[in-house]
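Visitor: Using the sequences and the hints given, assemble the complete structure.
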Amino acid sequence: MKKEVKDTIIVELGQKLKEYPHFYLVDLAGLNAEATSKLREACFKKEIKLTVVKNTLLHKAFEASDIDFEPLYGTLKGTTAIMFTTVANDPAKLLKDYKKDGIPALKAAYAEESFYVGADKLDELASLKSKNEVIAEIVALLQSPAKNVVSALQSSSNTIHGVLKTLGERPE
Numbered sequence: 001m002k003k004e005v006k007d008t009i010i011v012e013l014g015q016k017l018k019e020y021p022h023f024y025l026v027d028l029a030g031l032n033a034e035a036t037s038k039l040r041e042a043c044f045k046k047e048i049k050l051t052v053v054k055n056t057l058l059h060k061a062f063e064a065s066d067i068d069f070e071p072l073y074g075t076l077k078g079t080t081a082i083m084f085t086t087v088a089n090d091p092a093k094l095l096k097d098y099k100k101d102g103i104p105a106l107k108a109a110y111a112e113e114s115f116y117v118g119a120d121k122l123d124e125l126a127s128l129k130s131k132n133e134v135i136a137e138i139v140a141l142l143q144s145p146a147k148n149v150v151s152a153l154q155s156s157s158n159t160i161h162g163v164l165k166t167l168g169e170r171p172e
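As numbered in the working numbering, residues 1 to 172 make up the sequence shown, in order.
Rather than coming from a laboratory, the hints here were simulated on the basis of the structure.
Small disclaimer: the values here were computed from a predicted structure and weren't measured.
A few of these clues could be false.
[Unchecked claim] Pairwise CB distance ranges, derived in the manner of DEER restraints:
id, residue 1, residue 2, range
1, Thr-56, Gly-118, 18 to 24 Å
2, Pro-171, Glu-70, 49 to 55 Å
3, Glu-41, Gly-74, 44 to 50 Å
4, Thr-8, Asp-66, 15 to 21 Å
5, Leu-167, Ala-35, 20 to 26 Å
6, Gly-74, Val-11, 35 to 41 Å
7, Val-117, Asp-97, 17 to 23 Å
[Stated by the list, open to error] Capping the alpha-carbon separation at 25 Å, the derived lysine to aspartate or glutamate pairs in DMTMM-like fashion look like this:
id, residue 1, residue 2
8, Lys-46, Asp-97
9, Lys-18, Glu-34
10, Lys-46, Glu-70
11, Lys-99, Asp-66
12, Lys-3, Asp-66
13, Lys-18, Glu-124
14, Lys-93, Asp-66
15, Lys-93, Glu-47
16, Lys-96, Glu-112
Using N, Cα and C, we set each Cβ at its ideal position, and we do this for glycine too.
Guide: So this is what it looks like as structure tokens:
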């Protein structure tokens, strides 16, 4: 591979590192063509960009980045594919569903501005909540007290005595 091509690949990887806030490093060694094709299709459906990379080029892209990716340098051995995503837990859920016989294996991940190194971190990554999930939980928590007051007002013929009785009887 010519130096110009390598430099272009390093720049493209650097741009993707800036564009996507989360990425996973996985080992696809051992996947046959059919299994790899199915994985790529599943990634496409979840808007995950799957790219097989050369470790040395990815290492250079990491070094050129504003973020210190040093904890990930040790994982750049063997076959490496990188999964770029905007939702931190999507690749982990996909890998958990897809995983059989240890293939594809998680090497490391950078999600929610934290490093996760090792295949044992897959469950932890899958349990991360996306931004939309956290917002939905907060909205549900904020709506809960208001719903209780509204239901109390609607019950017992809207009398103060009925409201107080209903609020007093409800479980905490």
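Visitor: Next, verify each hint and record whether it holds.
Guide: Against the structure, the hints:
no.	hint	in the structure
1	Thr-56 x Gly-118: 18 to 24 Å	holds, 22 Å
2	Pro-171 x Glu-70: 49 to 55 Å	holds, 52 Å
3	Glu-41 x Gly-74: 44 to 50 Å	violated, 31 Å
4	Thr-8 x Asp-66: 15 to 21 Å	holds, 20 Å
5	Leu-167 x Ala-35: 20 to 26 Å	violated, 58 Å
6	Gly-74 x Val-11: 35 to 41 Å	violated, 24 Å
7	Val-117 x Asp-97: 17 to 23 Å	holds, 22 Å
8	Lys-46 x Asp-97	holds, 13 Å
9	Lys-18 x Glu-34	violated, 31 Å
10	Lys-46 x Glu-70	violated, 28 Å
11	Lys-99 x Asp-66	violated, 33 Å
12	Lys-3 x Asp-66	holds, 23 Å
13	Lys-18 x Glu-124	holds, 24 Å
14	Lys-93 x Asp-66	violated, 28 Å
15	Lys-93 x Glu-47	holds, 13 Å
16	Lys-96 x Glu-112	holds, 19 Å
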